[in-house]
Amino acid sequence: MHIAVCIKQVPDSAQIRVHPVTNTIMRQGVPTIVNPYDLFALEEALRIKDRTGARITVLTMGPAQAEEALRKCLSLGADEAILITDKVFSGADTLATSYVLAAALKTLDARTPIDLIFTGKQTIDGDTAQVGPGIAIRLGCQLLTYVSKICELEPTARHIVVERRAEGGVQVLKSALPAVVTMLEGSNELRFADMPGMFRAARQEVQRWNRDSIGVELAQVGLKGSPTVVAQVFGPRPKAVKALRIDGETPDAIAEAFVDKLFADHPHLE
Amino acid sequence: PKRVLPERFKSYKGVWVFIEHEHGHVHPVSWELLGKGRELADKLGVELAGVLLGGMGEAVRELAAEVGAYGAELCYLARHPVLEDYRNQPYTTGLTELVDTYQPEILLLGATTQGRDLAGSVATTLLTGLTADCTGLDIDPSDRSLLSSRPTFGGSLMCTIVNLATRPQMATVRPRVMTMPARRPDRPLRVVEHGLQLDESAVVTKVLDFVPDVRADKPQLPFADFIVAGGRGLAKPENFTLVTRLASTIGAEVGASRPAVHAGWADVERQVGQSGKTVRPKLYIAAGISGAVQHRVGMEGADVIAGINLDPRAPIFDFANYALIGSAAELLPALERAFARRLAE
Ligand SMILES: Cc1cc2nc3c(=O)[nH]c(=O)nc-3n(C[C@H](O)[C@H](O)[C@H](O)COP(=O)(O)OP(=O)(O)OC[C@H]3O[C@@H](n4cnc5c(N)ncnc54)[C@H](O)[C@@H]3O)c2cc1C
Ligand SMILES: Cc1cc2nc3c(=O)[nH]c(=O)nc-3n(C[C@H](O)[C@H](O)[C@H](O)COP(=O)(O)OP(=O)(O)OC[C@H]3O[C@@H](n4cnc5c(N)ncnc54)[C@H](O)[C@@H]3O)c2cc1C
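Order-wise, the sequence lines are chains Y and E. So for the first sequence, the numbering used here puts the first residue at 1; every next one is plus one. So for the second sequence, the numbering used here puts the first residue at 1; every next one is plus one.
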């Protein structure tokens with residue numbers, strides 16, 4: 001069994017600071033991490049590997065430094081890592097991203113057939129949850145989104161049964177392999193890398209694939225292949241009326257004054 | 001380089017809203033989108049349509065009438081036994097065929113587990129652009145394009161995304177972001193029934209079971225009238241319990257910023273903001289929350305906002321009604337006492 005896991009390197013949002021004057025993000029020195037949702041996807045793949053000895057390949061499309069994120073996945077137990085990197089890939093929206101990832105997955109599949117593809121539910125930067133569905137459509141695979149549990153996985157009978165978070169309930173779905181599964185957060189408990197894992201990862205080769213390795217059309221990648229464009233960036237509009245400051249000598253005085261004022265201004269709240 | 005819309009897309013006309021339903025319940029986000037869709041269609045001078053796919057039961061036909069009541073003049077209806085339960089493959093095939101046949105310029109879906117599942121698949125099949133989780137939608141009068149705004153990453157900035165290259169222009173919007181339009185059952189509606197050639201044997205994924213959620217055990221934050229929310233400024237779990245106590249004193253639901261959820265002080269179901277819930281309460285009290293744009297877009301629809309913050313220049317005060325300056329650890333218990341006294345009167 002061969003499992004591909006798509007991961008993205010993202011800035012650690014907990015460490016991001018906004019410039020107080022210009023309102024822009026201060027990106028310099030912000031550490032990057034593996035998109036937290038993708039770790040649940042990787043963990044699910046690792047559990048299947050623990051049970052069945054499956055082989056795991058992790059892939060990411062990103063700049064050279066995304067290699068670091070792939071090494072983290074190797075240290076956790078992935079077998080192979082591929083960095084899909086090329087300057088023409090930059091500026092991609094989700095349509096162009098799924099195109100490149102699908103092309104890479106096809107290339108990988110031709111070498112070692114893929115049974116299952118995992119992605120995270122969404123990323124913490126773009127946050128669109130559109131790449132998983134995009135990959136499934138482009139590969140003609142079944143799509144299973146918001147999966148909270150894999151109940152059955154039969155590589156020989158080629159079927160999979162999952163629990164999927166639907167609106168108002170949980171759907172239990174039976175589908176066929178190969179499938180694209182987007183994993184929900186909290187669906188499993190994450191493991192930590194151990195020492196041997198870290199040493200192995202440090203020595204292991206991360207393959208680099210560019211536009212020629214995966215045979216893509218230039219018109220469909222990067223900025224050129226992206227129908228959505230950012231037209232404008234703006235600050236949120238301040239309200240016409242400033243917040244009314246409630247004064248008082250002590251916390252209790254402020255609280256009393258606030259409650260009085262609140263119900264005087266908005267009698268319907270009572 | 002300025003992008004121009006290729007000639008073949010110029011025939012695309014009209015605004016569509018995908019009407020999402022599961023086990024007989026329409027997701028209210030569909031009606032909210034019809035409200036917004038009405039505005040967009042009026043600005044463009046085109047028709048607003050609801051698109052409804054479903055099984056053969058009468059219930060689906062009855063839903064079509066509701067599409068009119070919430071403001072559309074047109075409903076595209078596709079019924080087929082294969083569409084009884086939501087599944088990605090037949091719904092993608094069906095919706096894609098409808099778009100190809102009737103060619104809308106705008107297609108809106110709810111950013112729900114169903115809407116996001118379907119939107120991503122349909123946009124990729126159609127090779128068109130899709131903007132996720134928009135908090136604002138408008139029309140550019142100069143070229144009739146859809147302006148989709150959403151917060152940008154990590155900053156306190158918003159961005160406007162446009163699609164000048166393909167059609168339809170697709171966008172998803174989270175529940176409760178747009179206001180619910182008034183229901184007027186007397187509005188005229190044309191229903192266009194579209195026959196789809198679907199075949200169960202060609203649909204790979206089968207639904208084995210559907211286990212409905214037990215409603216009571218989930219916080220109904222989006223529909224709460226009163227919310228007390230806490231953020232990173234509370235600094236420790238003991239302080240977060242002050243939020244919970246004030247909430248129970250005034251009969252409010254508890255909300256949280258993302259860092260408070262990540263710290264484990266509150267359940268993920270209680271996160272308010274861009275990647276959490278959008279709420280529209282009568283009163284929102286935010287304690288130790290700075291008011292970052294990703295939090296703001298989830299709660300600025302509240303009627304009254306009160307911020308509790310040590311820092312009088314915190315961004316929350318740019319859009320709050322009341323500013324309580326001081327330590328939340330002291331002000332929350334003080335508020336509990338003040339409200340308790342008031343409510344006892
Ligand atoms: C603030 C902001 C807003 C954006 N808005 C939009 C928008 O509305 N529409 C749009 O089309 N694009 C948008 N983009 C661009 C989009 O983020 C990029 O296309 C990005 O490459 C992938 O989208 P995502 O981060 O949303 O991933 P998601 O679709 O949320 O990711 C889902 C999963 O796909 C996999 N995945 C995603 N990216 C990669 C990758 N590079 N390599 C390997 N696996 C990956 C991961 O497993 C991930 O968990 C936006 C970007 C930003 C920063
Ligand atoms: C893609 C994306 C999605 C996001 N989605 C969400 C989301 O859904 N919801 C969300 O909330 N955030 C979200 N965020 C994070 C968001 O950008 C902010 O980081 C977050 O809202 C900040 O949370 P906070 O206000 O609790 O913390 P901080 O910004 O750290 O603010 C803490 C505040 O507490 C005040 N304070 C400190 N001590 C005290 C005290 N003793 N008493 C009173 N006040 C005190 C400080 O002055 C400060 O204003 C998202 C970010 C990204 C990139």
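Possibly wrong hints are sitting among the right ones.
[Stated by the list, open to error] Derived DSS-like pairs (lysine-lysine); straight-line CA-CA distance at most 25 angstroms:
(1) E:K10 - Y:K224
(2) Y:K49 - Y:K174
(3) Y:K239 - E:K282
(4) Y:K242 - E:K206
(5) Y:K239 - Y:K261
(6) Y:K224 - Y:K106
(7) E:K206 - Y:K174
(8) Y:K87 - Y:K224
(9) E:K282 - Y:K261
Rather than coming from a laboratory, the hints here were simulated on the basis of the structure. All values derive from a computational prediction rather than experimental measurement.
Hint check:
1. E:K10 - Y:K224: The given pair, whose Cα atoms are some 21 angstroms apart, holds under the 25 angstroms limit.
2. Y:K49 - Y:K174: holds (21 angstroms)
3. Y:K239 - E:K282: Holds, at about 18 angstroms.
4. Y:K242 - E:K206: The given pair, whose Cα atoms are some 55 angstroms apart, is violated under the 25 angstroms limit.
5. Y:K239 - Y:K261: holds (20 angstroms)
6. Y:K224 - Y:K106: holds (22 angstroms)
7. E:K206 - Y:K174: holds (5 angstroms)
8. Y:K87 - Y:K224: holds (12 angstroms)
9. E:K282 - Y:K261: Distance of about 15 angstroms is within 25 angstroms: holds.
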